[in-house]
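Using the sequences and the accompanying hints, generate a full structural model.
Numbering (the working numbering), first residue to last: 1 to 483.
Hints were generated in silico from the structure; no laboratory data involved.
These figures come from a predicted structure and were not determined experimentally.
Every residue gets a Cβ at the ideal spot worked out from N, C-alpha and C, and that includes glycine.
Check the hints yourself; a few may be wrong.
[As the list claims (entries may be wrong)] Between beta-carbon pairs, the in silico distance windows are:
id	residue 1	residue 2	range
1	Arg120	Ala249	29 to 39 Å
2	Lys179	Gln131	44 to 54 Å
3	Lys355	Pro270	30 to 40 Å
4	His64	Met19	31 to 41 Å
5	Gly268	Arg293	26 to 36 Å
6	Gln164	Lys202	27 to 37 Å
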Amino acid sequence: MASLTRELLRKRSEHNECMISTMEEISLHQEELTSIDPCLGLSCRHLKILLLQNNIIPRMENLHHLKDLEYLNLALNNVSKIEGLDRCEFLNKLDLTINFIDVDTLEESIDNLIDRSHLRDLYMMGNPAEQDWKGFKSYVVARLPQLNQLDGTEIKRGERIAAQQQLPALVSELRLLAKKRAEKRVVEEAEKLAEKTLKAEKALKKASKAAAIKAGKVVVEDVTSESESEEELTGHTPEVREEIYREMAEQKAEKDAREKENQPKWRGEPEFLAEQKSSITKAREREEKGTVRQCNEGKWSFKFDESLHPGSVTLTVSVQKHLSSSLIDVDCHPHYISIVIKSKVLRLLLPAEVKSNEAKAERSRTTGDLVITIPKVNVGENMVAIRAAKKDEERKKREEEARQIKLIEDREGSKIGTKIAELQGTVKIAGLVKKRDGGVGVDAIDLGMKEIKTTQTKIVKEKEEESEEEEEEEEDDEPPPIF
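And the structure:
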């Protein structure tokens, strides 16, 4: 079960920027609290509103430091008597709905409220005294003249006068009921004690039976005792409420434990270093056995570069900028490299044989990348990779040029489309070269060439004939050259 602590107060003071000392209002409902601890009054001396409903608090205690308290809500608790409000002189509203204030403690409870001159609202609905005694309302109204409302109902002047007239009779009746209730309570306490003793005996028998079975002994069962089923707690009593809340607390604790198991455990640098050391040991043992396989357990991004430092292989691995270098281990071999980063293995075959004893590992200050430079044994080895990289760059350059041309064509789509349309279909070659220049002329049909007729063939032919006649006339009109 929960207890009222400073941690809980700080948790519930978010509305006041987690400042406990200056807080004027706090809500501590449904926290399974079993008591009002002294830290509440010592830490929150300026409280004006205190909400403690729906807990299992049996006593009103440790409230003498809350001198400014105006509203106290203790509904749905196990309070059996009103007390501890001597210093709360400004108390204006008190809510004790559904508690356990009975007729045997009612007179003392009201006595503790008489001096609270500022008290205007009182809620006691659902208490045994209010349910079992018909004169409850009149008695409270007569004893507390400063009240304006009782259980949310306004007290009228006529009711107050009638209650004052009935007060002597009500006091006598209450004291008689209190005496009977006290006697009944003694009997109930004896019955509860007997019931607890019986349960303890049954539990002892059950434990002894289990021990006998475990030891291999024959046990004679008591049919009469086994046939009697254990009675469960029923009714509205403090014990029942406490048992219900205890079960709820256990279920909540089990749920929290399950959720905590599913959550990742917090690990600091010592835990990471221990895990890193274990992973390095396993990786090296596997490599010593001759089992070398490429792997990338951490899904790290990496790349090889042979042109950055000619004659060397440069490996760049992208790791977190703020990752501690103590969590990175590099082991270089002539034909492969093994890197353990935060307990994850990155093992890669190198593109060429290298001088592993001359390898150099560095971290980038800007990006945090791991850069490993290893000289080659044969400088010209695996130059194919360099040529392939250059070809790849050239290919990308050509693709970029083609993309630019396509963009230009898309912008000039109408013009280019028209030109392409003019070039579609067959081409008439007759008359392209004149006869005197070695061409076939317009009489290409005579040479066995088949003419392909189109809708515009006749028009084109007429235009060509006209242009030839004009050219012949111009040639005839030219004067002879002068020598």
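Status of the hints after comparison with the structure:
no. : hint                          : in the structure
1   : Arg120 <-> Ala249: 29 to 39 Å : 36 Å, holds
2   : Lys179 <-> Gln131: 44 to 54 Å : 19 Å, violated
3   : Lys355 <-> Pro270: 30 to 40 Å : 36 Å, holds
4   : His64 <-> Met19: 31 to 41 Å   : 23 Å, violated
5   : Gly268 <-> Arg293: 26 to 36 Å : 32 Å, holds
6   : Gln164 <-> Lys202: 27 to 37 Å : 55 Å, violated
Violation of the numbered hints given earlier is confined to hints 2, 4, 6; the remaining hints are satisfied by the structure.
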